[in-house]
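There are 6 protein chains.
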Amino acid sequence: MKRYKRGLYVGRFQPFHKGHLQVIKRILEEVEELIIVIGSSQISHELDNPFTAGERIAMVRRALTEEGVDASRYYLIPVPDTNMHSIWVNIVISLTPPFEVVYSNSPLTRRLFEEAGFEVKSVPLFLREVYSATEIRRRMLADEPWEDLVPKGVAEIIAEVRGVERLKALAKSDKAPP
Amino acid sequence: MKRYKRGLYVGRFQPFHKGHLQVIKRILEEVEELIIVIGSSQISHELDNPFTAGERIAMVRRALTEEGVDASRYYLIPVPDTNMHSIWVNIVISLTPPFEVVYSNSPLTRRLFEEAGFEVKSVPLFLREVYSATEIRRRMLADEPWEDLVPKGVAEIIAEVRGVERLKALAKSDKAPP
Amino acid sequence: MKRYKRGLYVGRFQPFHKGHLQVIKRILEEVEELIIVIGSSQISHELDNPFTAGERIAMVRRALTEEGVDASRYYLIPVPDTNMHSIWVNIVISLTPPFEVVYSNSPLTRRLFEEAGFEVKSVPLFLREVYSATEIRRRMLADEPWEDLVPKGVAEIIAEVRGVERLKALAKSDKAPP
Amino acid sequence: MKRYKRGLYVGRFQPFHKGHLQVIKRILEEVEELIIVIGSSQISHELDNPFTAGERIAMVRRALTEEGVDASRYYLIPVPDTNMHSIWVNIVISLTPPFEVVYSNSPLTRRLFEEAGFEVKSVPLFLREVYSATEIRRRMLADEPWEDLVPKGVAEIIAEVRGVERLKALAKSDKAPP
Amino acid sequence: MKRYKRGLYVGRFQPFHKGHLQVIKRILEEVEELIIVIGSSQISHELDNPFTAGERIAMVRRALTEEGVDASRYYLIPVPDTNMHSIWVNIVISLTPPFEVVYSNSPLTRRLFEEAGFEVKSVPLFLREVYSATEIRRRMLADEPWEDLVPKGVAEIIAEVRGVERLKALAKSDKAPP
Amino acid sequence: MKRYKRGLYVGRFQPFHKGHLQVIKRILEEVEELIIVIGSSQISHELDNPFTAGERIAMVRRALTEEGVDASRYYLIPVPDTNMHSIWVNIVISLTPPFEVVYSNSPLTRRLFEEAGFEVKSVPLFLREVYSATEIRRRMLADEPWEDLVPKGVAEIIAEVRGVERLKALAKSDKAPP
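Residue numbers (the numbering used here), protein chains in the order written: chain Y, 17 to 194; chain A, 17 to 194; chain S, 17 to 194; chain L, 17 to 194; chain C, 17 to 194; chain V, 17 to 194.
Honestly, the hints are just simulated from the structure, not real lab data.
Each hint can be trusted.
Since copy identity is lost for identical chains, a pair holds within one copy or between any two.
Quick list of in silico lysine-lysine cross-link-like pairs, PhoX-like style, CA-CA up to 20 angstroms:
no., residue 1, residue 2
1, Lys184, Lys137
2, Lys188, Lys137
3, Lys168, Lys34
Turn these sequences into a full structure, and let the hints guide you.
So this is what it looks like as structure tokens:
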């Protein structure tokens with residue numbers, strides 16, 4: 017029951033977790049191809065956004081490959097923020113193959129694509145309280161177990177880039193003379 | 017008793033309301049021509065800044081025309097913010113005809129023009145508690161009557177661009193997996 | 017025989033000349049309101065682009081007022097270039113009231129608006145060899161008469177901002193040790 | 017005889033042609049995974065750069081899929097130019113998974129990656145005189161056959177986006193009053 | 017016991033105070049030359065960042081000269097912020113002579129330089145509660161004595177640029193119709 | 017016969033040569049302090065602009081130190097280009113201590129500072145045909161002797177950063193499939 021040729025899904029993936037994975041698998045039941053936009057691609061090394069776009073791309077790819085999702089079914093495209101919301105949709109369009117439907121729960125993303133004439137669909141949520149990037153970052157800082165909330169390959173990549181160490185370093189309070 | 021050849025007045029006009037209108041009419045008693053700067057022109061689709069610069073230009077033009085203000089008496093010029101405050105005045109100067117006096121109550125705007133050697137005058141306030149863009153946006157979200165606070169033409173334009181619908185859409189909380 | 021509610025016309029106006037004026041008067045026969053975009057608004061102080069956007073806005077306004085064109089029939093809006101052509105139309109849309117038809121002979125401008133779904137019309141040319149900004153700047157540098165090619169008010173403004181002096185200063189070859 | 021875990025190859029792909037395809041297949045013999053960077057991703061709608069990054073991504077994907085290249089073996093990542101050459105390599109690093117070797121014949125690209133400490137290898141050329149994006153664009157404008165120089169799927173995409181029509185529109189000389 | 021040829025120290029210096037001065041003198045015991053980076057160089061005219069980069073450069077130079085520090089031992093280089101943290105270190109590298117060691121207590125600065133492979137050292141703090149730019153700005157606004165917390169030449173420069181007047185002007189609440 | 021408290025001199029210094037050195041020594045006879053602006057600070061790794069701002073700062077410092085010029089007499093401040101000429105002077109003002117006089121032979125630089133109300137003076141030229149950065153880069157590429165045209169310390173720094181190798185690498189023609 018494929019209905020759409022190509023859909024678009026936007027996330028920040030700080031980090032990519034099992035909730036994101038479920039969403040993508042569900043969307044792939046409705047579309048032939050899915051463009052996965054790595055949003056806020058210019059941001060990294062912040063407490064709420066520790067990972068670079070390249071690291072996030074590696075996470076999504078490894079998680080989907082582990083899960084047996086054929087890489088020819090999706091695109092992984094980093095898109096930066098712009099300070100002019102009214103043109104952001106056009107930046108997305110310019111950086112991606114054509115798409116017909118947008119999957120998002122973000123009010124701003126939904127509104128911008130709706131005003132541009134796109135069909136916009138909500139995405140189902142999976143155990144939203146735990147499958148949450150905010151919760152995962154909190155656990156990392158608190159030395160609580162977080163690995164179960166992300167696909168195995170994502171935990172490996174976070175280890176490879178020493179992501180928890182980075183997050184903890186960024187969380188130190190600044191004792192420097194300002 | 018015209019004293020100035022050309023004055024400058026900066027506003028964000030999110031949206032343009034009757035207080036702005038009174039200010040402009042008062043200033044036009046002191047200047048031959050008035051440059052009305054649509055500030056933060058790059059911003060739209062935010063809860064505090066829902067309208068595009070183009071929509072705000074249309075609002076001001078229609079309101080002033082309704083009021084019988086001759087369009088040859090004023091200029092409507094969008095000016096973006098810059099992340100470098102010290103050059104903002106020069107961006108304004110570059111985008112506008114020459115002016116002698118600046119009307120503003122904003123501490124930053126006043127200071128920047130004063131340091132650049134301009135005469136800066138305060139603007140009188142008209143029923144500031146109700147003629148307030150913040151109050152108008154609050155009423156829009158609360159489904160309270162707001163149309164009386166803006167000129168008739170502004171309410172029409174907000175209806176044409178479905179502005180209240182946009183504001184409410186932006187106000188929805190995000191249920192998306194972050 | 018008004019057919020369009022609002023049209024858009026883009027020019028650099030370096031400087032505004034009688035050919036531009038004829039074009040605008042002709043378009044105003046077809047549209048109720050005309051948005052006149054001051055293109056490349058960030059550029060000035062170059063041999064091919066000597067005037068600031070503010071100076072160009074002043075030129076167009078004074079020329080149209082002299083000609084008896086009602087200022088409520090047009091908007092004068094500066095729009096900067098972008099290094100990403102594919103979003104330029106959306107920047108224009110964001111900075112202007114809504115429009116239905118675009119008047120341009122520029123291949124790039126025409127193509128961008130056509131791909132965005134706008135109707136695009138050509139503009140008639142008036143004595144193109146002499147009513148040309150390039151020719152006017154050449155005459156200014158060569159101390160040949162140029163004032164006849166521009167509306168009287170434009171020549172006044174160029175005198176007020178000492179535009180010929182600026183152009184000649186920019187044309188001097190650089191003798192500095194590079 | 018896989019020697020590298022991950023390599024990087026930069027191209028503008030305006031459009032993607034059979035020479036590019038041969039290069040990628042050759043590199044894939046040496047690396048496990050290849051990051052294909054869509055360079056100058058912000059540029060489109062120019063005579064030398066007619067296609068958007070999104071269109072170019074679609075071209076490369078379809079061509080590689082046709083050729084039977086497993087999509088899990090490569091990444092397709094758009095990277096914009098920067099006006100500061102000295103940080104371009106770091107932008108690439110930030111937007112891509114980690115890589116060990118760079119394939120390029122561009123003097124600037126080679127030098128920048130060498131100064132950053134990367135191993136840089138040349139790429140073999142395949143019938144460079146005909147498998148050339150410049151030659152393909154020339155043929156498109158001259159109504160000469162060009163389809164044989166690109167993979168079949170690329171010709172399809174160029175037809176879908178009406179690329180030749182776009183190129184010809186951009187090539188028209190501007191008759192507008194400047 | 018000179019150990020390093022060239023070190024780097026980053027500060028915002030809003031304003032430069034005696035704590036900064038002590039830090040620099042201490043670092044100069046360990047390095048032959050010190051690059052003093054004026055951070056967030058694009059920011060001024062904010063309550064937390066009142067001074068321009070040029071004013072801050074003048075402060076540091078005058079304070080070090082008063083103290084008898086040979087100007088050939090240090091560089092004063094303004095560096096702007098970037099919205100992409102991952103390339104900020106490379107911007108610093110591009111704008112400064114080569115250095116081997118970085119002195120900072122800022123978690124973000126430390127982490128970014130560590131990930132780039134630099135040795136990073138903490139700086140000792142001197143009476144941190146009073147030798148604090150935040151405390152100095154607070155005193156300026158409260159008309160409490162602050163001059164003792166900064167080198168004599170810094171107080172002079174703040175007087176020359178009428179810095180306290182600027183800070184107080186920026187602190188006024190905005191009574192303008194928003 | 018010191019007449020000015022502080023002057024400003026702008027150069028690109030690609031590379032810094034003996035002509036620049038003579039100019040600076042001559043200006044220092046007229047001013048107490050000289051601000052030396054490293055222009056186009058964002059540009060490097062181009063055939064006409066091979067060196068980073070940091071490398072150029074190191075060159076000027078070492079050359080002036082060799083010559084016995086007291087480092088407290090001058091500032092070395094990198095300033096980037098802007099695409100908006102009309103605000104460039106204000107960027108310079110924001111990044112530098114206050115100055116009264118500008119030394120330049122560049123028509124654009126002279127005009128911009130004159131329009132901003134500064135006194136602008138020409139600089140004397142010293143053997144302009146050979147003390148030329150263009151000539152030095154030409155000799156580097158042609159393996160002709162160039163070291164005599166630059167101060168000894170500059171030749172050392174160019175050797176340290178392997179500048180001639182960089183220039184030659186950038187000059188190779190691109191054999192890559194475009």
